[in-house]
Amino acid sequence: MEKRDVAVLGVGQTKFGYHSDKTLVDLFAEAFYEAFEESNIELKDIEALYYGNFVGEMTDGSANLSGFIADDIGLKGVPARRFEAACASSSVAFREAYLAVAHGMYDCVVVGGSERLYNAGTAIGTRALATAVDGLHEMTAGLTFPGVFALAARIYSKKYEIPMDELHEKMALVSVKNHKYGAINPKAQFYNKFGDLKVEDVLKSKVICSPLTLFDCCPMTDGGSAVIIASADFAEDVIDNPVYILGTGQSGAGGLFRQKEDIIRAIPRKKAAEMAYREANLTPNDIDFVEIHDCFTIAEIIATEAMGFFEYGKGADAIAEGETWIDGKLPVNPDGGLIGKGHPVGATGTSQIYSVVKQLRGEFKYNPVKNAEVGMTDTLGGDFGTLVNVILGLHRRGK
Amino acid sequence: MVTFQEYFDALLEGKVLGLKCNDCGAYTCPPKAVCDNCNSRNLEKAELSGKGRIMSFTTTYIAPAGYDKEVPYVVAMVELEEGPWIVGRLDIAGEKADEIGQDLIGEEVAVSGKEFPTEMFYPDKKRRVVPVFKLLTGV
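Chains as they are written, first to last, in the working numbering: chain A, 1 to 399; chain B, 1001 to 1139.
Among the hints, a few may not be true.
One side of the interface only, derived from the structure: several residues of chain B facing chain A at Cβ under 10 Å [claimed, not checked]:
#1 F1008
#2 L1012
#3 G1014
#4 T1060
#5 Y1067
#6 E1079
#7 E1082
#8 G1101
Computed footprint of chain A on chain B, listed as stretches where at least three residues anywhere in the stretch have a Cβ under 8 Å from a Cβ of chain A [unchecked claim]:
#9 1041-1053
#10 1085-1099
#11 1107-1113
#12 1126-1132
Partial list, computed: chain A residues near chain B (C-beta under 7 Å) [stated by the list, open to error]:
#13 T140
#14 A150
#15 F257
Since the hints were derived computationally from the structure, they do not count as laboratory data.
C-beta atoms are modelled at their ideal positions from N, C-alpha and C, and glycine is treated no differently.
All chains, full assembly: derive it from the sequences and hints.
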């Protein structure tokens, strides 16, 4: 079935960090109104709400949030629904919203997410995040998310014959890079912090799950993000700077123990990325920069390989050789990524969209990617259980 | 079909239960609705050897609520002789595991089960059975 072109009208994101005094609804509302104010539409133009949230039940005692949010932000009565896919919640919501508009179900909708992990505290936050591993066969052993990526790092070291110490030094560079960029992003959790982080600081910080240390990990974050999208025809009528959604892809997998050694090849990500490239009629070479799911340092390295930017086993060398820094061949996470910007799980996916859109419009002044025309997002839910990729660009999709 | 109750009961007796596919011959463990290799439902219950080798591990120092009294603990992934991988705990002190490092990968282990207190969100409300991996060679 032929899909209509779809574009982004407006984007919004709260400051990421600690929000003890704002509910999940408040955080979404703040992001929504930033997006709404630049969209040049009226509230009545928005026909549906797609909301991403991971663990509102555990952190705030709230599920079923979409109706409350719609009511709070002035969209009383529109069809509203919540999407849960762990860290990829708002990316799945984004893709569903895009597909609904592309297939003519709606002309204009809002999609976003909010989460409050920081406010929940480390013990509850860690347990809440761990609900995204296999609840029986992985949880029984007390496997956590740093644990998942620690297991992956050791397999990566073994498989590609890079001694663990040497690999860890290269992984640490991901943290150094993403903190450097997060420290200059005013909306990042670590704005003005850790901009001068050194490899030794990462290696010497507290071990969370060996070999991963605190600085190998993204933080617990409270925050919200929102994106208003519409058919490209609608968008071109109301704004003069639409950013087009060129391709999306989604795939998934069972537990780590079902994926076996493939966890370091992230097969669901390969499938999702290929789906997005196919729809966009582009290749990895056409992508000018990416906002990638760097929940842990090794995660960014694995992602750059599975998305087709580097060969398997070469991603660690790529960061060490400068290829993924702002002036490299493929800038990765110029907004600071999850490590520097923060990771409010259900809001993360649409905050990546926020950063890509700002960057393409030339509004990302503090860390601009030169001459960027096509950007891509990558969001991972759980231990590769859900993978979503989105490609955005300044021009409509080529036929 | 092997229920998780049955799977964990067997583990406590030192047996690893799985499913053998009558179509392709592959083993699926832990059990699930279809053969993990070919999606066939033509499966029969099978006892696996209970032996395998370590594929990866991590010492966990920061635990989720409900598991905090158990730190530091070593989570490992083991490839069973019949092919499937399972997640469990390595029966070795956390600091010792970190000291040995990557050399633990490939070491042979025997699988059994150990009962722990359950926690608020765990699916089994009576107990939590953890697959425990004992090293077969001295390290």
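Here's how the hints hold up against the structure:
Hint status for F1008(B): holds, given a least beta-carbon distance of 8 Å to chain A, under 10 Å. Taken as an interface hint, L1012(B) does not check out: its beta carbon lies about 12 Å from the nearest beta carbon of chain A, beyond 10 Å. Hint on G1014(B) is violated. Least Cβ distance to chain A is approximately 17 Å, over the 10 Å limit. At a threshold of 10 Å, the smallest CB-CB gap from T1060(B) to chain A is about 5 Å, leaving the interface hint in force.
Because the beta carbon of Y1067(B) sits about 4 Å from the nearest beta carbon in chain A, less than 10 Å, this interface hint is met. Because the smallest distance between the Cβ of E1079(B) and any Cβ of chain A comes to about 7 Å, under 10 Å, the interface hint for this residue holds. The restraint placing E1082(B) at the interface with chain A is violated, with a minimum CB-CB distance near 13 Å, outside the 10 Å limit. For G1101(B), the suggested interface contact is upheld, since its CB lies about 6 Å from the closest CB of chain A, less than 10 Å.
Figure legend: the region 1041-1053 of chain B, annotated as covered by chain A; annotation inconsistent (0 residues with Cβ-Cβ distances under 8 Å, at least 3 required). Coverage of the region 1085-1099 of chain B by chain A holds in this model, with 8 residues showing a Cβ closer than 8 Å to a Cβ of that chain against a need of three. As drawn, the region 1107-1113 of chain B meets chain A at 0 residues by the rule of a beta-carbon pair under 8 Å; below three, the given contact is violated. Remark: the region 1126-1132 of chain B is confirmed as covered by chain A, as 4 of its residues place a Cβ nearer than 8 Å to a Cβ of that chain, reaching the required three.
With a least beta-carbon distance of about 5 Å to chain B, the hint placing T140(A) at the interface is held under the 7 Å criterion. At its closest, the beta carbon of A150(A) sits 4 Å from a beta carbon of chain B; the interface hint therefore holds under the 7 Å criterion. The interface hint given for F257(A) is met, as the beta carbon of that residue sits about 4 Å from the closest beta carbon of chain B, less than 7 Å.
Figure legend: structure checked against the earlier numbered hints; hints not met, in rising order: 2, 3, 7, 9 and 11.
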